[in-house]
Amino acid sequence: MEALQTFFENYGALLGRGTLDTLLMTSISTVFAYVLGIPLGILVTLTAPQGLWPHPVFNTVLGWILNIGRSIPFIILLVALIPLTRFLVGTALGVAGAIVPLVFAAAPFVGRMVEQSLAEVDGGLTEAAQSFGASIGQIVYKVLLKESVPSLIRGAAITFITLFGYSAMAGTVGAGGLGDIAIRYGYQRYQDDVMIAAVLLCIVLVQIVQSIGDLAARKIDKRNR
Amino acid sequence: MIQIEHLSKSFDSPASRNRDSAMSCHHALQDVSLTIDDGDIFGIIGSSGAGKSTLVRCINLLERPTSGHIYVDGNEITRYRGRQLLQLRASMGMIFQHFSLFAQRSVLRNVTFPLEIQHEPRRTCDSRARELLQLVGIAEKEEAYPSQLSGGQQQRVAIARALANKPRVMLCDEATSALDTATTVSILRLLRSINVELGVTIIIITHSLAVTERICNKIAVLDKGRLVEQGPTREILQNPQSQATRELLVADTVAAFHGAEAAVGPACKGAFL
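So the protein sequences, as listed, match chains D and C. For the first sequence, the working numbering assigns the number 830 to the initial residue and increments by one for each residue that follows. For the second sequence, the working numbering assigns the number 278 to the initial residue and increments by one for each residue that follows.
Bound conformation, chain D alone:
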């Protein structure tokens, strides 16, 4: 008991700070990844051969970009994007410096997740909307996005958790966070207790986010009532 108390006295602030940094990095990156990823997902859906606005060349090129974006290992992207990060946020270091590469790593991933969600919408609904004279924009907004909200929410939880994992590498640019603590203390300094505490915090946070996502998706879904 006393050992535990000493541990928290020594490392409580560090772990608290790490939790905060991780949540900050991950949340902000998720939001911006969706700002980029939703239009990407919509475009790749619409321009598909069977889509509402078929455009094979554009669709193929966009598909490649999304695939290449997801192939680059995050640690490489983190370093490669340093000049762009400096340009966009003024620094390549710290939490701000980590957010830019996180967004660029996640946007193609989000694009595919959104594409997947939109694909789940029954084609009959698109056709019904067309039969009432809906334009492509109206179909996207009022049918495809509206009908896939539960699926989009589940996707957002998955994206958040994926970025949570990526953010462990953000320590490379001094952004801190739980992953960074686990690596530095556990791997480099053999302080197993700190590493275990950081990993436990990661597990708890991921569970909470997933549960919130599931609950929200279920609450908002009007099917199966």
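Simulated from the structure, these hints should not be mistaken for lab results. Even glycine gets a Cβ: it sits at the ideal position worked out from N, Cα and C.
Sample of chain D residues lacking proximity to chain C, with all beta carbon distances greater than 12 Å (derived): (1) Leu833; (2) Val890; (3) Leu922; (4) Ala925; (5) Gly994; (6) Ile1012; (7) Tyr1019.
30 Å max Cα-Cα, derived DSS-like pairs, lysine-lysine: (8) Lys418(C) x Lys975(D); (9) Lys971(D) x Lys418(C); (10) Lys971(D) x Lys1048(D); (11) Lys1051(D) x Lys443(C); (12) Lys1051(D) x Lys418(C); (13) Lys975(D) x Lys443(C); (14) Lys1048(D) x Lys418(C); (15) Lys971(D) x Lys443(C); (16) Lys443(C) x Lys418(C).
For the chain C half of the interface with chain D, some residues (derived, Cβ under 10 Å), not all of them: (17) Arg334; (18) Leu362; (19) Gln364; (20) Ala367; (21) Leu378; (22) Phe379; (23) Phe390; (24) Ile394; (25) Gln395; (26) Tyr422.
Use these hints to put chain C onto chain D, whose structure you have.
What follows is chain C alone, placed relative to chain D:
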């Protein structure tokens, strides 16, 4: 009045989007000509793969015909593009085999959908939708979601939605095929009253002669993409000229027999035919 002249539709590949069957992939429709008068309840009948769905989808240009022309009140709609095309579609209501209601929208919001598309103010949307839900007999369900409704109720909502823009033409694509006999009868009754009271021209696609016999004043029979017979319902059913029509008659008798056997007994068949 809708005039269809020498309409043909071919699909490029066997893996095309045609919903009828592999049969009609190459030539879904071949040289189909027919006239639908205002106030008709016009049945288009044929076995699966005959091209019925393709034909009805050409009328609101969900499918573009490969050749031929369609005139609505003398205007050649097959030329329409862009905004004009959207306006044409909005002027026709459509209902579907599997209802195609928006699962994440309440009954009321499903019915207001076509009005929202036309940028009608919320208040107009709501009052018009309530009127229509009253008309189709499910006013008390406006806050419900489609998953909470039975098939017959869902089709009633779909009918209300199709009527939202005060269409003069309503297209029904196998609208009763997913419903049981009693519900089918009640939906057909509703369609007939809409035809009589609102003066809406109704075009019904079906593979069931019993459906056409019950409410259509005229029918056209499609077989493998060709129009093989058309005329007043009674004449065609009493004196079928084509092999395809005779086969449909046989199929229908068999279906009615099985239906009667399985469901409510002979009374059911009597009520239906």
